[in-house]
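A.B. asks: Sequence:
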Amino acid sequence: MERSADLDRLYALFDRLEARVGGAKRLADCTGYADWPKRGVYFFFAPGETRAESGQRRLTRVGTHAVSAGSSTALWDRLKQHYGTGARSDDHPHGGNHRGSVYRRRVGEAFVERYGLHDRYPDWGTPSVPDGRDRAAVRDEEYPLERRVSAFLRDQPFLWVALDDEPGPDSDRAFVERNAIALASNFDRRPADARRSDWLGGYARSAKIRAGGLWNVAHVAESYDPAFLDVLERAVERTDPV
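Following our numbering, the numbering of the sequence shown begins with 3 at its first residue and continues without gaps.
Just so you know, these hints were derived from the structure itself, not from any lab.
Just so you know, not all the hints are guaranteed correct.
[As the list claims (entries may be wrong)] Okay, derived cross-link-like pairs now, EDC-like style, lysine to aspartate or glutamate, Cα gap no bigger than 20 Å in a straight line:
id, residue 1, residue 2
1, Lys40, Asp166
2, Lys27, Asp157
3, Lys40, Asp172
[To be verified] Restraint ranges, calculated between C-beta atoms of paired labels, are given here:
id, residue 1, residue 2, range
4, Asp125, Asp93, 17 to 23 Å
5, Arg141, Gly57, 40 to 46 Å
6, Asp157, Tyr117, 41 to 47 Å
7, Asp142, Arg11, 46 to 52 Å
8, Lys40, Arg137, 30 to 36 Å
9, Asp200, Glu55, 19 to 25 Å
10, Asp167, Glu224, 20 to 26 Å
The beta-carbon is built from N, C-alpha and C at its ideal position, and this holds for glycine as well.
Build out the structure end to end from the sequences listed, making use of the hints.
C.D. replies: Next comes the structure, spelled out in structure tokens:
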């Protein structure tokens, strides 16, 4: 019952956040010219999926950035990695680099598993292009799947909350990210807000994604500290539209 109540509070905060920022956005409609907060936490939701009890959009991934001491990565920098390349890019327009975005990598892996594309994309998910293979040739080979991943990610509604504290593993951003994942995850516990049977993540290579119901691997098996909801609530009240 405690987890159920905390999940309800988390989703209520999403509703308040959405009202403050004037609605969820899609990466397809975003650019770096908007007045994004320097630092924050973002929450992606699955199009067409809702919570059974309330009809609220179903959380599908939580993320942040600059959690290593001294990091200067900004919120839009991380979102842009998920977005990929633009229409005017001279190098693989509407593609991306899944080796620079774990979210892109996991989604691409699920496409490979779902549609049996192993022979077509043998190096997808490797940390770097394997020795002996031409980097440009591998990028050309993987380009159709990068485009597919871009289309998938750019269609997902997302919200963001401004949390501008110093980078580090003990930052409020890391605290909110870690505990939001732990609360929403169904890994090794009674499912809450179960995913649809056709959810792409059900084909993920990671059992933590398949069972957890989120495109997250870290923190899905951890217990959560409900105090993160107070930190998130204060951040929601300080977040402005972009």
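A.B. asks: If a hint holds in the structure, say so; if it does not, say that too.
C.D. replies: Do the hints match the structure? See the list:
Between the alpha carbons of Lys40 and Asp166 the distance comes to roughly 7 Å, so the proposed pair stays at or under 20 Å and holds. For the proposed pair Lys27 and Asp157, the alpha carbon gap of about 9 Å is at most 20 Å, so the pair holds. Restraint check: the Cα-Cα separation between Lys40 and Asp172 comes to about 18 Å, which is no more than 20 Å; the hinted pair holds. The hinted window of 17 to 23 Å between Asp125 and Asp93 holds, with their beta carbons roughly 18 Å apart.
About 42 Å separates the C-beta atoms of Arg141 and Gly57, a value consistent with the hinted range of 40 to 46 Å. As the Cβ distance of Asp157 to Tyr117 is approximately 18 Å, the hint placing it in 41 to 47 Å is violated. About 48 Å separates the C-beta atoms of Asp142 and Arg11, a value consistent with the hinted range of 46 to 52 Å. Remark: the range hint 30 to 36 Å for Lys40 to Arg137 is upheld by a beta-carbon distance near 33 Å.
Between Asp200 and Glu55 the beta carbon distance is about 21 Å. The supplied range of 19 to 25 Å therefore holds. Checked against the hint of 20 to 26 Å, the C-beta distance between Asp167 and Glu224 comes to roughly 21 Å, which is consistent with it.
Of the hints listed earlier, the one the structure fails to meet is number 6.
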